[in-house]
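Letter by letter, the chains look like this.
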Amino acid sequence: MGSDSRKSDRREFLKQGAALAGAAALGATAKSASGQLPGPESQLRGTPELVAYGKRSRFVTSKRIPHGGRPSPDSFGLDFHIATPLQDHFGVITPTSLHYVGTTRGSFVPDIDPAKHRLMIHGMVDNPLVFTLDELKRLPSVTRLHFIECAGNRANRRHVTVQETHGMTSCAEWTGVLLSTLLEEAGVQDGGNWIVAEGVEEVKGASSIPMTKAMADCIVCYGMNGEPVRPQQGFPLRLIVPGGEGILHVKWLRRIKVVDQFYMTYNDYGHLRQDPADAALSLQIGPKSVITYPSGGQHLPGPGFYEVRGLAWSGGGKVARVEVSTDGGQSWFDADLRGEPQPMAHTAFSFNWTWDGQPCELQSRCIDEIGQIQPSRQQVAEFWDQPADQPPRVKGQDNSIQPWRIDSDGGVHNAIA
Amino acid sequence: MPLLKFLLPLLMLLGVSAQAQSPTYGLGRAPTAEEIAAWDIAISPITGEELPAGSGTANLGSELFLSKGCAGCHGTDGEGRMAPRLMKRDIAQPDDPWQWGRILPIRSPYAPVVWDYINRGMPLGAEGTLTPDEVYSLTAFLLWVNGVIDDDQMELNEENLPKIQMPNRDNWAELPEWLPGQPRLKGYPY
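Line by line, the protein sequences are chains A and B. One point on numbering: in this note's numbering, the residue at position 267 of the first sequence is 267, and numbering is uninterrupted. One point on numbering: in this note's numbering, the residue at position 17 of the second sequence is 434, and numbering is uninterrupted.
Misleading hints may appear alongside valid ones.
Distance condition first, Cα-Cα at most 27 Å in a straight line; then the derived DSSO-like pairs of lysine-lysine [stated by the list, open to error]: (1) A:K395 / B:K603; (2) A:K137 / A:K116; (3) B:K603 / A:K318.
Hints listed in this document are in silico derivations from the structure and should not be mistaken for laboratory results.
All chains, full assembly: derive it from the sequences and hints.
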């Protein structure tokens, strides 16, 4: 994202803030509990379009932004990376229209007729199979909450908002057929240790996945948040690889080939590392969390009560605990988890806090059910004996703690050094 | 795998493939050998076993690099412009190939990976239009630019491409087996 567009986004944000402040002032003057009584001028007239498919209020303007240093769409109409406005989310499900989008190198979105789409399973199997979408929908299905996070979801000190630091993760309710059901139907042969999952888009994006993972919990999904998967997310079929980094979740899925070894395909090349530790940390998302309110770019109107809110997730399983610190990581308190945490899904947390008006720093950290603990950047640097005079570098996928600094004027700022 | 490749069409012809292990749900149908061949572009990186027959040279590849528009984005010699650099960087200590940069035709441990990348993803906007011979020539050109092969007249084909000794052949980290419910890295608390 260029600095110009950031400036204009910032201006837009400020304008909206001013409008909200004005509305609040009017409400206070009127001393009205309802604030506004609907009159003929403020009623929405029904239209066939709104009857058929609803839309949000014109007063709700939350939106995704291009991310990763390149425009989306670019001058050719390719989308690259698009970040979700985490600061505006409630609960754990990312609205489908706001789900983040990541592509390998910038991509057109395929416009696929589902009636013509096929899924082929072949390679080291006894019964190669081709399925239509209707056939897949007849098979036993599962519906599960899972997050998807891009490996490039890496905060840096230049980022202002949580949308910029963490907006390349989203969580949806996915519906489809377990990949294990399809692989058992095809009959995996001895030595079939990996699969290559491939999409239908122009680069035929393909990812290699170990058979242990493929059989464990991967899902061939046709449903997302109660609707067919959206085109930007892989319509009509997307492979969900719970807890795996985003690029493994192959969109526009049309082929699964059972093979004997890691195939180092187009998408896999990005995983190539010299250091085995680096390689191990780049495949599965680590324990991670972030406070979305208050977060960077927001402003606290004054001392008093605030419900600190955020999201936690881990590729290792369920979120077991989330802790919050209001003193820059010196002391930690348990946050409240919303609902029953689901494996490899965003979990919402909250923490009741009274701000005394003094400068402070908010942090959160996630502890997952297998005991992995989200680290600070300093802890990572010390673990790997990184030079103390250089900024810490988090190996693999960055799951480090996000610090938000609150100034005495109520301004909230990214505190990554 | 080689056995499978030859047996598969035969098995389908005889209609016995479905008897090997009986499916539970009986949905879907067996693809024909032609259908599989039309879609199967995945190439085994080590054996290159699925590589199609064909051949090319760096000399031919250098012309294709211009005529197919590669140079417009990657630079005339692959020095990189709008698209990534494809020529290794000059560095003080040339012993460590990882210091040459994240450059596919020199960092990849196996030459068929380079072939696969070009075959799938290039040229931008005209993916899938290159013939196997053209992909062999472009692969040869990029290997020649990076000093992996010395002779720009050397013919690369489905037989000798997998045998090319890439500098990182034994110098990369295997991915860990991904066991559900296990930490990412043993002994790593985070």
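Verification of the hints:
1. A:K395 / B:K603: This hinted pair holds, its Cα atoms lying about 15 Å apart.
2. A:K137 / A:K116: 15 Å, holds
3. B:K603 / A:K318: Given pair K603 of chain B, K318 of chain A holds - Cα atoms ~19 Å apart, limit 27 Å.
Going through the hint list in order, the structure satisfies each hint without exception.
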